[in-house]
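Q: Heads up: the protein sequence lines correspond to chains A and B, in order. Going by my numbering, the letters in the first sequence line up with residues 9 to 362, in that order. Going by my numbering, the letters in the second sequence line up with residues 5 to 443, in that order.
Keep in mind that the hints were calculated from the coordinates and are not lab data.
Quick list of the computed label-pair ranges, beta carbon to beta carbon: (1) A:Phe168 to B:Val47: 30 to 36 Å; (2) B:Pro43 to A:Asn43: 30 to 36 Å; (3) B:Ser118 to A:Ser165: 53 to 59 Å; (4) A:Ala358 to B:Gln339: 56 to 62 Å; (5) A:Phe168 to B:Glu50: 27 to 33 Å; (6) A:Ser165 to B:Pro274: 24 to 30 Å; (7) A:Phe168 to B:Asp126: 48 to 54 Å; (8) B:Pro43 to A:Tyr23: 52 to 58 Å; (9) A:Ala358 to B:Asn59: 28 to 34 Å.
Heads up, the beta-carbon is just placed ideally off N, CA and C, and yes, glycines get one too.
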Amino acid sequence: MKRLSGIANALSRWYIVGVGLTVVGILVGAYAFFNVFSGKPQIGVITIPFTVINEESAFVMTSYLQYAKDNDRIKGVVIALSSPGGGAASSERLYIETSRLREEKPVIIIMNDLVASGGFMMAMGASYTYVKTSSLVGNVGVLSGLGPVLPALPPESVLFTGPSKLTGSTQREWIGLLDLLKQSFAQLVISERGDKLVISPEQLMEGRLYAGMEAVSIGLADEIGDDSAAIDKAASLAGISNYELLDINVEVDRLFVQKVRRIFAAPDGDSAGLDLSTLLDISRSSASSFDGEPESINSVAGLGAEQTQTVSLGDLRRFMLTGNLTEAQENPLPDFPVEINRPNIYYMYAGQYP
Amino acid sequence: MPASIPKLALYILFTAAVALGFFVGAFFYFNRGGYNPPPAPNVPFELLTRTTSVNGPSDFVDVPQVQVLRGTLLIDAAHHNAFEQAEILTLLSRVADRGYDIEFVGDFNSMDDSERIPLLEDRLRHADSFLIILPRDEYLGGDIAVLQRFVARGGKLLLIADPTRPHEINTVGEPFGLEFQPDYLFNQVEYDLNFRHIYVRDFQPDQLTSGLNEIVLYAAGSIKSSGEGLAFADANTQSTLTGTVGPTYSIASGEDRNVLAVFDLTFMIPPHNSSLDNNQLISNIADYLTDSEREFELADFPSFFKSDVDILLGQPSLFDAGTNLKNGFSAMQIQSVLSEQEDIAVDTVFLGLYEDSKAALPYLKANRIMVDDTLSIPSASEIPVMDTSIIALSQSQDRHVLVVLADSPETLKNAIGRLTSGEFRAGLVNDFVGVYKTE
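Working from the sequences, and respecting the hints, build out all of it.
A: As structure tokens, this is what we get:
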């Protein structure tokens, strides 16, 4: 009893009580803070090495942007971009996704060695853009084939309901359509850059590439800077300090691998949850387009050593993206004697890489 | 116990204050403010509209300004030329409408020089105009010499290139003072659907630009000419060739007006041929090509006969010789009749023995030929008439007369054989006279 009384006396001393309550207060405050703000703020970094934008690469890049959007701890995003552009619709998709992300978090794009055409369109979705003096940027415009070549009148067994139903347009109309797309691309740049842009629409539509320093002086980019400047800018626009960096490429790949493991893992634990031969056939028949370095997925997917074929991460992504819903399937329209082609409109720089 | 309640409240308040202080401190430690997203730009897509292409007059009718009885347009296909026949059908049909035959030389592949140059020379003998489109093989010295001779004698030469296709057109253009520049023209201010589709409205008065107000060239390059530019692009039209100074033109004549250069092929390919006055330009080019005033030589036989031919016999006994020649003309698809009287409005072949030479005297005099016991011909020594024959061409602006005289009916028959087979070219003593000895 005496011992308990001594402890009570000791506890009743103000400085002991004060320290104890302070510790408790800090713990409660920390608990509340990290519950409300879910941890230390992060700047997400997305690295897009030289990439031609197509349906698949746009899908992957969109998954990076989506991750950045969904993760509350990420307060700002830095994208290190190098791309000559690519498919028109895919490029526009990336612009839209980037500008949507910009509505919630600052997006800083560093335009590395070449950011042209569709790549430049994506950069227009950023809150702020950096270039290096040696970067090559711009190349606003459209690239396409001649357009629909009027076929011979199909046999009577093929019915169509209008003169443009088969081709969509005449060659002249097609050229007019491309000109319209060029104007809309240019208008997008003009609207995004606003008063910063000091060249005329005609000059913009010439489709020139500009060196980084030129791009800044004519208003196609905001500032010359490197990765750290971009990160500082992202933090500044997000209003955060004492942040940490998060490699979004790695995080998205990690989640992707986890998803693959789940798909391959059958309920009984065997690694035969998917028709693997189909997957391998598809992946072998197509070349890797996004990830330059093929990464063996066998170990990731838990495949046995007896499976000697390797499937690249890019192949697997393509498979998961497109499944079997591609034009590659045989005879998509049975007995229909007209060749099916996808539109060949590109926002792309197709010149020699300097 | 009641005294301890305020103390507990004090503890709680203290703890809460510490927690709040930590919260606020941590907040300001990590955050310096908030993110203000930029306003979404308003891209006025609704203001953008697809432009429609220009069209030409729907009631265009080709009215030939030139009508000829016979003529030949030869088209180069011996230099691996980069075009297809279908692309120039509009032009070819108008040339044909004006009375010209159209022939190709070569089969659109490369030919060996030793094979090509004699072929070109032979085919140009009977051509009035020559069209060269996008040769991918170089024109060599031998080709050029043949062409220069052709042009010097009034043949029309049209050179067409296109900056979007490979060509060696300058190897034939430069000798005639025409240089196709390594560029293409564009206009970003005003164009037909695409910046490379340029309007041309400034024309130099000429037969070729007659009736033109506005044309569209769909892939044009610029030409430098020591002759005259005929169709000038406007000030907003630029050349991709840096350092280009002065107005650019895509249609020009060479130093010799018989040479014309057009640096665009696409304007005559359907549907572009129907844009604005392009159809009129094509008609004008057809007029240009069929308006040749080609001067012929004896070696060009029988191309100088532009109409049906009268065969005039020196004496009735030469009827068989006349028939032989008539058959020869038939084989060459030339209509001829044996005539007893000369019609000075018709191309004529005078067929006779030396003793009949008086009837052909004016034509012999025109070539300064005298017939006696010997043949006296400029630039040749006196030749005894025994076992000889002579063929001489006399030409005025509208008429050609060929005189064939021989020592005997047999020698005359031999001369007709040489004429119809082409062997006569081996015995030419000058451009208009050939002399032959029968052993």
